[in-house]
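Novice: These protein sequence lines map, in sequence, to chains V and G.
Under our numbering, think of the first position of the first sequence as 1, with each following residue one higher.
Under our numbering, think of the first position of the second sequence as 1, with each following residue one higher.
Hints were generated in silico from the structure; no laboratory data involved.
All residues carry an ideal CB built from backbone N, CA and C; glycine is no exception.
Watch out, some of these pointers could steer you wrong.
[Said to hold, decoys possible] Computed list of lysine-lysine pairs in DSS-like fashion (alpha-carbon distance at most 30 Å, straight line):
{"hint": "1", "chain 1": "G", "residue 1": "LYS380", "chain 2": "V", "residue 2": "LYS107"}
{"hint": "2", "chain 1": "G", "residue 1": "LYS380", "chain 2": "G", "residue 2": "LYS179"}
{"hint": "3", "chain 1": "G", "residue 1": "LYS500", "chain 2": "G", "residue 2": "LYS380"}
{"hint": "4", "chain 1": "G", "residue 1": "LYS472", "chain 2": "V", "residue 2": "LYS9"}
{"hint": "5", "chain 1": "G", "residue 1": "LYS359", "chain 2": "V", "residue 2": "LYS107"}
{"hint": "6", "chain 1": "G", "residue 1": "LYS500", "chain 2": "V", "residue 2": "LYS136"}
{"hint": "7", "chain 1": "V", "residue 1": "LYS136", "chain 2": "G", "residue 2": "LYS472"}
{"hint": "8", "chain 1": "G", "residue 1": "LYS294", "chain 2": "G", "residue 2": "LYS90"}
{"hint": "9", "chain 1": "V", "residue 1": "LYS6", "chain 2": "G", "residue 2": "LYS472"}
{"hint": "10", "chain 1": "V", "residue 1": "LYS59", "chain 2": "G", "residue 2": "LYS246"}
{"hint": "11", "chain 1": "G", "residue 1": "LYS372", "chain 2": "V", "residue 2": "LYS115"}
{"hint": "12", "chain 1": "G", "residue 1": "LYS460", "chain 2": "V", "residue 2": "LYS226"}
[To be verified] Okay, the calculated beta carbon distance ranges per label pair:
{"hint": "13", "chain 1": "V", "residue 1": "GLU230", "chain 2": "G", "residue 2": "GLN166", "range": "34 to 42 Å"}
{"hint": "14", "chain 1": "G", "residue 1": "GLN166", "chain 2": "V", "residue 2": "LYS226", "range": "53 to 61 Å"}
{"hint": "15", "chain 1": "G", "residue 1": "ARG457", "chain 2": "V", "residue 2": "LEU294", "range": "28 to 36 Å"}
{"hint": "16", "chain 1": "V", "residue 1": "ARG2", "chain 2": "G", "residue 2": "LEU458", "range": "38 to 46 Å"}
{"hint": "17", "chain 1": "G", "residue 1": "GLU234", "chain 2": "V", "residue 2": "THR60", "range": "12 to 20 Å"}
{"hint": "18", "chain 1": "V", "residue 1": "VAL15", "chain 2": "G", "residue 2": "VAL29", "range": "56 to 64 Å"}
{"hint": "19", "chain 1": "G", "residue 1": "LYS372", "chain 2": "V", "residue 2": "THR60", "range": "17 to 25 Å"}
{"hint": "20", "chain 1": "V", "residue 1": "THR60", "chain 2": "G", "residue 2": "VAL482", "range": "50 to 58 Å"}
{"hint": "21", "chain 1": "G", "residue 1": "ILE9", "chain 2": "V", "residue 2": "ARG2", "range": "26 to 34 Å"}
[Claimed, not checked] The following residues of chain G were derived to be distant from chain V, with all beta-carbon distances above 12 Å:
{"hint": "22", "residue": "SER30"}
{"hint": "23", "residue": "THR365"}
{"hint": "24", "residue": "ASP443"}
{"hint": "25", "residue": "LYS472"}
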Amino acid sequence: MREIVKNTKIDFMGVRYYALSFTAILMLIGLLAVVQVARGTANLGIDFAGGTAVQIKFKTPVSLHAVRTTLEEGGISGFELQELPTEGKVLISVKKSKGALGDLSKKIISLLSQKFSEGNMVVDSTTEIGPKVGSKLREDAMWAVIASMIGILIYVAFRFQVRFGVGATVATLHDVLAVLGIFYLIGKEINLLLISALLMIAGYSLTDTVVVFDRIREDMKTKFKKPAFEIVNDSINEVLSRTIITSLTVFLTAAAIFAFGGEVLHDFALAIMIGIIIGTYSSIFVASPIVLMLGKDKPVSKK
Amino acid sequence: MKKKFLWRIASVVSAAVLSIIFFLPSTQVSSSLPEWLRKYGLTLGLDLQGGVHLVYEVDTDKTIEITVERMAAGLNNTFAEKKLEAKAEKQGSDVVISPDSEQSKKIVAELFPTLTLESRSEGRAFYRINSSEVGRIKNFAVDQALETIRNRVDQFGVAEPVIHRQAANEIVIQLPGVKDTRRAIDLVGKTALLEFKILDDEAPLAAQLPGSVSAGKEESILQQFASQIPPEDEILFGRIRNPETKVETDMKAVYLVKKQTLITGDFLTEARVNIDQRYNEPYVGISFDATGAKLFEQVTANNVKKRLAIILDQNIYSAPVIQEKITGGDASITGSFTMDEAKDLAIVLRSGSLPAPLKMLQNVTVGPSLGKDSIDAGIKAGIIGALLVIGFMIFYYKMSGLIADFALVLNILCLVGALSAFRATLTLPGIAGIILAIGMAVDSNVLMFERMRDELRLGKTPRAAIDSGYDKAFWTIFDSHVTTLITAVVLFQFGTGPVKGFAVTLGWGVLINLFTALIGTKTVFDLITSKREIKRLSI
């Protein structure tokens, strides 16, 4: 039998107050990110902000500087340039662009093809989103998150107890906020694809939390004489090897997407990798302490 | 016991076989399959195979304005016929008649019963189209736009386009696999309102106007000459092309034309691409129907030596001098076209103009090369990810790990099969969803194996350890899957675009996981332990 960890007796709940303060910081950063997204000041993707994005592949690489001056001389303002991880690819985005959709992307493409010759470039993608659509997509995504949180709360409260439901919901919310906050801090783009990554993280974290809860529920039945504090600690230790192995395998698949999945999925995979670490952390240090602290039916020993 | 066991093997095998059958149409053997089967299979999303996703808003308010304008013109004709001193005018969405009289009221009621009198003041009457009629006109305009776009797309030649209405006045158009995306967008979105008007070269202003102006400066020309434009005239612009390279120059030609539209594209019966023998240049030949031909003859007869402007969507394409009366109803539109442009112009003219201008709300275009790059990368990442997990499971759980890997492969197979059977569209986030389903499949097995190890540590026999390990892991797996399924369903319900694609694969992945983990793996374990009592479990 290969074992990563053996019969651990780690006192997870003993450090719960340190953990909870760390959690609070993560959630605050996340809330800040939410506010910035709502105000439209965060680095929003074209799909949320509305605007125009054109991705171009140059067969012989050109300098960003040359692209910038070409566009500026052509009278285009307020654009951002980004070199993609793949060589020779440039993403030009104009957020909240004014005027009729379609004209701007046409102008960008014709300016560049005049300067760098048409045969040298391939238009990889064009995305144009009207302001109405952008805010609708943002709203839809927000409702999707809220609705799934409510669904989780109800199911877990029904299958376990209300305090477990609260723990699971807070932990899940924590994970979504934390990853959003980290993405905001490192200046990554917040777009629809990140939202699907966040939702997947929520799902993963939830699975992880339910596994821990399941063991706590079982141990409460079999070890009813023990204080709740120890039961929670025991349960987490018992499932620790499973937690590590599952996180590791999912992390491996996300890492494979990150390394080989292509430019479109690059940030998506990064979010999932961060999310797996945070999701695992939250089941142990966010969800479980909440269940412990909301429990009045069992004595909680003070250590 | 024995019977139940056989039933489980049968269900695993039939699930695998069915999955393969449904997936077959997506492979190269598709053409040799029976008809009923060929409609199944995985469809690749626009992000994977390249293509265009467009959302347009039909400017239905404009349709109402056009209708009101036509009504006013109709009323003026009737007033003239009946020698009534009255004038109808469009004001916003109202028809204003002055001077107001009982007679004019009667004519309105006869001619346009849908016009209702809103108010009368100072000898003027204000009429408006009643609200149910407004609704009908708007609805009809969207339907008509939809039909016209379908027509154009069909003639352009796109395999499996998706064109449908969304909300009250939006049209969604998906054109998968289109190579020349820019051309397709232009073709779909063009209003294609063809008009013939006469240039007013006799007005003193015509001589003052510059011949051309740099593009982008059109507004300033309009402002500069605003006070001098005769009331029956307007200034229009036309593109200027380099006749050699066909590239649009950054200058626009300036024309003074009479506002009155003499003929429109409504009278066309045919539009085709011809080649001018002298310059070897494509142009579009058009033919009018009987009414149109008569009109055209009249117009050309009355305006010999004047210039006739051929206008498409407010842009003058050409303005040839009328040499003599043209009979027969044939005309041609020239303008230094490329072959593709001439073809597209013929298509839009044939399928008719849109009843109202379209406003682009959304355009997501993925070029074919990026799509191919993405799917290649996605598959590569999927295979590497799966191999890493498979390798790790064998390394960590040995023989049992191999069984878990079997469940994993079964899982991927069934997932692809289910998506094919329901003709789901696979998108990039969808591939990510599949890779994550792999993660969850592994988790189910890890949960069971860890439980079995616990039981073995307690000194149970392999057989007993397997059974109680399964029983104890069951509810954990069930709960964690149901919670994930709830998320997937909610995402599907509320999500749009990529979120939805992810939710579909995640949801199916979770459902199939329950099957492969709880029935697939267990069956293999039972198969091994039923033959002989094993002493040690390789886990």
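Novice: Each of the hints needs a verdict: does it hold here or not?
Specialist: Comparing the hints with the structure gives:
| no. | hint | in the structure |
| --- | --- | --- |
| 1 | G:LYS380 / V:LYS107 | violated (36 Å) |
| 2 | G:LYS380 / G:LYS179 | holds (24 Å) |
| 3 | G:LYS500 / G:LYS380 | holds (23 Å) |
| 4 | G:LYS472 / V:LYS9 | holds (22 Å) |
| 5 | G:LYS359 / V:LYS107 | holds (18 Å) |
| 6 | G:LYS500 / V:LYS136 | holds (15 Å) |
| 7 | V:LYS136 / G:LYS472 | violated (45 Å) |
| 8 | G:LYS294 / G:LYS90 | holds (29 Å) |
| 9 | V:LYS6 / G:LYS472 | holds (20 Å) |
| 10 | V:LYS59 / G:LYS246 | holds (25 Å) |
| 11 | G:LYS372 / V:LYS115 | holds (27 Å) |
| 12 | G:LYS460 / V:LYS226 | holds (26 Å) |
| 13 | V:GLU230 / G:GLN166: 34 to 42 Å | violated (57 Å) |
| 14 | G:GLN166 / V:LYS226: 53 to 61 Å | holds (58 Å) |
| 15 | G:ARG457 / V:LEU294: 28 to 36 Å | holds (33 Å) |
| 16 | V:ARG2 / G:LEU458: 38 to 46 Å | violated (19 Å) |
| 17 | G:GLU234 / V:THR60: 12 to 20 Å | violated (48 Å) |
| 18 | V:VAL15 / G:VAL29: 56 to 64 Å | holds (59 Å) |
| 19 | G:LYS372 / V:THR60: 17 to 25 Å | holds (21 Å) |
| 20 | V:THR60 / G:VAL482: 50 to 58 Å | holds (54 Å) |
| 21 | G:ILE9 / V:ARG2: 26 to 34 Å | holds (30 Å) |
| 22 | SER30 | holds (26 Å) |
| 23 | THR365 | violated (4 Å) |
| 24 | ASP443 | violated (4 Å) |
| 25 | LYS472 | violated (8 Å) |
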